[in-house]
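Read top to bottom, the protein sequences are chains S and H.
The first sequence begins at 1 in the numbering used here and counts up one residue at a time.
The second sequence begins at 1 in the numbering used here and counts up one residue at a time.
Misleading hints may appear alongside valid ones.
Claimed, not checked - The calculated lysine to any residue pairs, modelled on SDA-like cross-linking and capped at a C-alpha distance of 20 Å, are:
hint, chain 1, residue 1, chain 2, residue 2
1, H, K293, S, S70
2, H, K6, S, G69
3, H, K23, S, I60
4, H, K272, H, P114
5, H, K23, H, E8
6, H, K272, H, G103
7, H, K156, S, H23
8, H, K106, H, K280
9, S, K22, H, P22
10, H, K19, H, Q33
11, H, K6, S, P56
12, H, K5, S, W6
13, H, K283, H, T94
14, S, K22, H, V152
15, H, K23, S, S64
16, H, K104, H, T117
17, H, K290, S, G69
18, H, K308, S, A32
19, H, K215, H, A4
20, H, K23, S, E10
21, H, K23, S, S63
22, H, K104, H, F268
23, H, K156, S, M34
Keep in mind the hints are simulated off the structure, nothing from the lab.
Here the structure is a predicted model, which is why all the values come from computation and not from measurement.
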Amino acid sequence: MTDTQWPVWEVFVQANPGIPHKHAGSVHAPDAEMALQNARDVYSRRSEGMNIWVVPANAITASSPEDQGSFFEPSNDKPYRHPTFYKIPEGVKYL
Amino acid sequence: MEDAKKLEAFEAKINSGVKIEPKDWMPEAYRKQLVRMMSQHAHSEIVGMLPEGNWITRAPNLRRKAILLAKVQDEGGHGLYLYSAAETLGVDRTELLEQLHTGKAKYSSIFNYPTLTWADIGAIGWLVDGAAIMNQTALARGSYGPYSRAMVRICKEESFHNRQGYEIMMQLAQGTPEQKAMAQDALNRWWWPAVMMLGPSDDNSPNSEQLMRWKVKMESNDAIRERFIDRTVPQAEFIGLTVPDKDLKFDEETGHYTHGKINWDEFFDVIKGNGPCNAKRLKDRIDADKNGKWVREAAVAYAAKRVKEKEIA
Numbered sequence: 001m002t003d004t005q006w007p008v009w010e011v012f013v014q015a016n017p018g019i020p021h022k023h024a025g026s027v028h029a030p031d032a033e034m035a036l037q038n039a040r041d042v043y044s045r046r047s048e049g050m051n052i053w054v055v056p057a058n059a060i061t062a063s064s065p066e067d068q069g070s071f072f073e074p075s076n077d078k079p080y081r082h083p084t085f086y087k088i089p090e091g092v093k094y095l
Numbered sequence: 001m002e003d004a005k006k007l008e009a010f011e012a013k014i015n016s017g018v019k020i021e022p023k024d025w026m027p028e029a030y031r032k033q034l035v036r037m038m039s040q041h042a043h044s045e046i047v048g049m050l051p052e053g054n055w056i057t058r059a060p061n062l063r064r065k066a067i068l069l070a071k072v073q074d075e076g077g078h079g080l081y082l083y084s085a086a087e088t089l090g091v092d093r094t095e096l097l098e099q100l101h102t103g104k105a106k107y108s109s110i111f112n113y114p115t116l117t118w119a120d121i122g123a124i125g126w127l128v129d130g131a132a133i134m135n136q137t138a139l140a141r142g143s144y145g146p147y148s149r150a151m152v153r154i155c156k157e158e159s160f161h162n163r164q165g166y167e168i169m170m171q172l173a174q175g176t177p178e179q180k181a182m183a184q185d186a187l188n189r190w191w192w193p194a195v196m197m198l199g200p201s202d203d204n205s206p207n208s209e210q211l212m213r214w215k216v217k218m219e220s221n222d223a224i225r226e227r228f229i230d231r232t233v234p235q236a237e238f239i240g241l242t243v244p245d246k247d248l249k250f251d252e253e254t255g256h257y258t259h260g261k262i263n264w265d266e267f268f269d270v271i272k273g274n275g276p277c278n279a280k281r282l283k284d285r286i287d288a289d290k291n292g293k294w295v296r297e298a299a300v301a302y303a304a305k306r307v308k309e310k311e312i313a
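Isolated chain S (complex conformation):
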């Protein structure tokens, strides 16, 4: 490891109040505070955000693409979770 390889931080930016933070990219930094400053310089040079999270990349656990099918299976076979599953006679209102 040489001197430019600091830990990777994933950057999440909230563009406006009331909406979720969205992944913008990543930065290298020796600590969280500097990661925040780097993220500001790299991902908000044109007022793209009002709040930034930085998260150590190795703290993120992700589901794996190979297991995509079986992992999401429990939801795929339950169409009755959607309102369109139910037939309501015409003329019935507010349902």
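Following the hints, put chain H in place on chain S, whose structure we already have.
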């Protein structure tokens, strides 16, 4: 056998317009080509800071200086987006920089030309960033998610670069005869390198078929070059400058310009390292890396100090 199935699924995904993400299975050739392209692209962004940085202290006024500073800062940011995108494929950023510094990795041929006058800063924004935008809007539709997303972000920012460059040229072209001559001289020197930077002609560009099928490359070099010329020639005419190509003609039938012969010997010579500024650019890049070392060391020392302070408190 297993790989053939995986390859089929991979190509089906690309055909249906789904992006490939870092942890997805991909053919080794796809991975290799993308690392090569993304790192070359990243290197071009940060080497591109050098010829322009050359004029920051000599910008003609405060407005121009602030704009140029912002542009050069953007290029650094673009380099970072691209190095990050390359890192998603498991390569190490230090290793990529090492390849740049030892001359093993290439960057865009265009940055090996000198910036002799202020008008060159206009010509770079207008022509070099203009050509880069043509290339990058195509790449934004590419199949690799992180690269494509970096391209979208970069294209948004490049449009300011393009316009500030044109504005510089326009102002010079409308100025004194000397200023106009300076603008014309910059166009004369940058036109052909800009036309060439979009890469060798299609019949001289190996591997294109597979790369197009995998949506690593979206359009041929010649197609992108044609669009660049079609859009840029009227922009030059509008401000009263002349594109330095005696054979340039608008073809009513095709609706495109036909251009004169491109000096590909020059292009390959510059790539090989024999351009006017290859050695200087590489030296400046290595110096920048060396001279920035103490800042990186200070950052690490500061981070360590903060940890200690927390432990005591």
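Against the structure, the hints come out as follows:
For the hint linking H/K293 to S/S70, the alpha-carbon distance of about 48 Å lies beyond 20 Å, and the restraint is violated. The hinted pair formed by H/K6 and S/G69 meets the criterion: a straight-line CA distance of about 15 Å does not exceed 20 Å. Our distance criterion of 20 Å between C-alpha atoms is met by H/K23 and S/I60, whose separation comes to about 14 Å. With a CA separation close to 17 Å, the supplied pair H/K272 and H/P114 stays within the 20 Å bound.
The straight-line distance between the Cα atoms of H/K23 and H/E8 is roughly 17 Å, inside the 20 Å bound, and the hint therefore holds. Restraint check: the Cα-Cα separation between H/K272 and H/G103 comes to about 10 Å, which is no more than 20 Å; the hinted pair holds. Between H/K156 and S/H23 the alpha-carbon distance is near 17 Å, which keeps this suggested pair within the 20 Å criterion. Distance check on the hinted pair: H/K106 and H/K280 sit about 15 Å apart at the alpha-carbon level, within 20 Å; holds.
For the suggested pair S/K22 and H/P22, the alpha carbons sit about 18 Å apart, so the restraint of at most 20 Å is met. At roughly 16 Å between alpha-carbon atoms, H/K19 and H/Q33 fall within 20 Å of each other, so this suggested pair holds. Distance hint between H/K6 and S/P56 is unfulfilled; the C-alpha atoms sit about 32 Å from each other, more than 20 Å. Taking the CA atoms of H/K5 and S/W6, the gap is about 38 Å. The hint is violated against a cut of 20 Å.
For the proposed pair H/K283 and H/T94, the alpha carbon gap of about 17 Å is at most 20 Å, so the pair holds. Of the supplied pair hints, the one linking S/K22 and H/V152 holds, its CA atoms being roughly 15 Å apart against a limit of 20 Å. Proximity of H/K23 to S/S64 is assessed by CA-CA distance (about 7 Å); at most 20 Å being required, the pair is judged to hold. Distance restraint check for H/K104 and H/T117: the Cα-Cα separation of roughly 31 Å exceeds the 20 Å cut-off, and the hinted pair is therefore not satisfied.
Distance hint between H/K290 and S/G69 is unfulfilled; the C-alpha atoms sit about 49 Å from each other, more than 20 Å. Pair hint H/K308 plus S/A32 holds up; C-alpha atoms about 15 Å apart against a cutoff of 20 Å. About 19 Å separates the Cα atoms of H/K215 and H/A4, which keeps this hinted pair within 20 Å; it holds. A threshold of 20 Å between alpha carbons decides the hint, and for H/K23 with S/E10 the separation of about 16 Å falls inside it, so the pair holds.
Among the hinted pairs, H/K23 with S/S63 is consistent with the structure: their alpha-carbon atoms are about 10 Å apart, no more than 20 Å. For the given pair, H/K104 sits about 16 Å from H/F268 by alpha-carbon distance, which is consistent with the 20 Å threshold. As the CA atoms of H/K156 and S/M34 are separated by approximately 26 Å, the hinted pair breaks the 20 Å bound.
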